[in-house]
Amino acid sequence: SQQGEEDPQALSIQEGENATMNCSYKTSINNLQWYRQNSGRGLVHLILIRSNEREKHSGRLRVTLDTSKKSSSLLITASRAADTASYFCATDTSGSRLTFGEGTQLTVNP
Amino acid sequence: GAVVSQHPSRVICKSGTSVKIECRSLDFQATTMFWYRQFPKQSLMLMATSNEGSKATYEQGVEKDKFLINHASLTLSTLTVTSAHPEDSSFYICSARDFGTGGSTEAFFGQGTRLTVV
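Taken in sequence, the protein lines are chains A and B. The first sequence begins at 1 in the working numbering and counts up one residue at a time. The second sequence begins at 1 in the working numbering and counts up one residue at a time.
Hints are not guaranteed to be accurate.
[Said to hold, decoys possible] With a Cα cut of at most 20 angstroms, we get these calculated EDC-like pairs of lysine to aspartate or glutamate: (1) B:K66 <-> B:D88; (2) B:K41 <-> A:D7; (3) B:K14 <-> B:D88; (4) B:K66 <-> B:E22; (5) A:K26 <-> A:E53; (6) B:K20 <-> B:E63; (7) B:K55 <-> B:E22; (8) B:K41 <-> A:E102; (9) A:K26 <-> A:E5; (10) B:K41 <-> A:E5; (11) B:K41 <-> A:D83.
FYI, nobody ran anything at the bench for these hints, they're computed from the structure. All figures in this text were calculated on a predicted structure; none of them were measured in a lab.
Extracted from the complex, chain A is given alone in its bound form (with noise of 0.2 angstroms):
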C-alpha cells in the first residue's frame, strides 16, 4: 500500500512563479526523498532529506521535513517549462525499500 499521500495531485503555474508539492505518511521513517518523472519515463532522484533534518536546498529546490507531522514539502522556485513533470516523494523506512505517494502532476505554462 502506498504510505504517502501528496497534494495537490495537479498543479498549473506560469513560468516563473514558484511551486509547492505536499506528501504525508503514515509511519516513521529513516529519510524521505523526492523524484521526477518525466511522461513514459523512469524516475530521477531530486533530493533526499534525512528524518533528522528539517530543511535542505539544491539549486531551485526546497525541502521540508516535519517529522511531528509526518510531511514534507518540496518548493520549486522560478519554474520553467522544462519543469513540467510529475514529482513524488518516497520514504524510506527500513533502508531497502521505497514506498512512494501518489504524485502531483505539475504543468509550467510558458
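Go by the hints and put chain B onto chain A.
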C-alpha cells in the same frame, strides 16, 4: 551518478506469449533490485524485491508464477511476464540502490518498459 539500464523500452506481444524485461546496473553492483508497475497517471506499485542469488520477495497480491524474477548476477535482474494477457499491459520500471558508496541511499531507475498485450 549510477546508471540503471532497462530493456526493451517498448514491447507489443500477443496474448498468451511471454515477455522478458532486463534491468542492468551499469556501474555498480546491485544486490537488490526492485520491480514496479505503474498505471497511467498513478503512482508506482512495488511488485517484488529481487535479491541476487536468492528468491525474490513478492508483494501481497502479486502472482509469483505470473511474474518470474531472476537475479542471477550482481548487475542483472530480469522480469518475465508469463502467458501475458491484455490486463498485464502496463508500464514496468526497475530500480536499484547503490549501498556501496558509503551512505548514498537514493534509488536509480531504469527507463521503464511499456508493455502492450494484444
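request  = Could you grab the alpha-carbon distance between B:K41 and A:D7 and see if it respects the 20 angstroms cut-off?
outcome  = Holds, at about 14 angstroms.
ask   = Are the Cα atoms of B:K41 and A:E5 separated by 20 angstroms or less?
value = holds, 14 angstroms
inquiry  = Check the hint pairing B:K55 with B:E22 against an upper bound of 20 angstroms on the C-alpha distance.
reply    = Status holds; Cα separation ~17 angstroms.
key: A:K26 paired with A:E53 [C-alpha distance capped at 20 angstroms]   = Since the Cα atoms of A:K26 and A:E53 sit roughly 18 angstroms apart, the hinted pair holds (cutoff 20 angstroms).
message = Check the hint pairing B:K20 with B:E63 against an upper bound of 20 angstroms on the C-alpha distance.
response = holds, 16 angstroms
query = Between B:K41 and A:D83, is the straight-line Cα distance small enough, at 20 angstroms or below?
reply = holds, 17 angstroms
task = Decide if the proposed pair is consistent with the structure: B:K41 and A:E102, CA atoms, cutoff 20 angstroms inclusive.
result = holds, 9 angstroms
query = Can the restraint linking B:K66 and B:E22 be considered satisfied, given a maximum Cα separation of 20 angstroms?
reply = holds, 16 angstroms
ask   = Given the hinted pair B:K66 and B:D88, is their alpha-carbon gap at most 20 angstroms?
value = Answer holds: B:K66 to B:D88 is near 10 angstroms, not above 20 angstroms.
query = Are the Cα positions of A:K26 and A:E5 separated by 20 angstroms at most?
reply = Holds, at about 9 angstroms.
inquiry  = B:K14 and B:D88 were given as a pair; does the straight-line alpha-carbon distance stay at or below 20 angstroms?
reply    = Given that 20 angstroms is the threshold and the Cα spacing comes to 11 angstroms, the pair holds.
In this structure, every one of the numbered hints holds.
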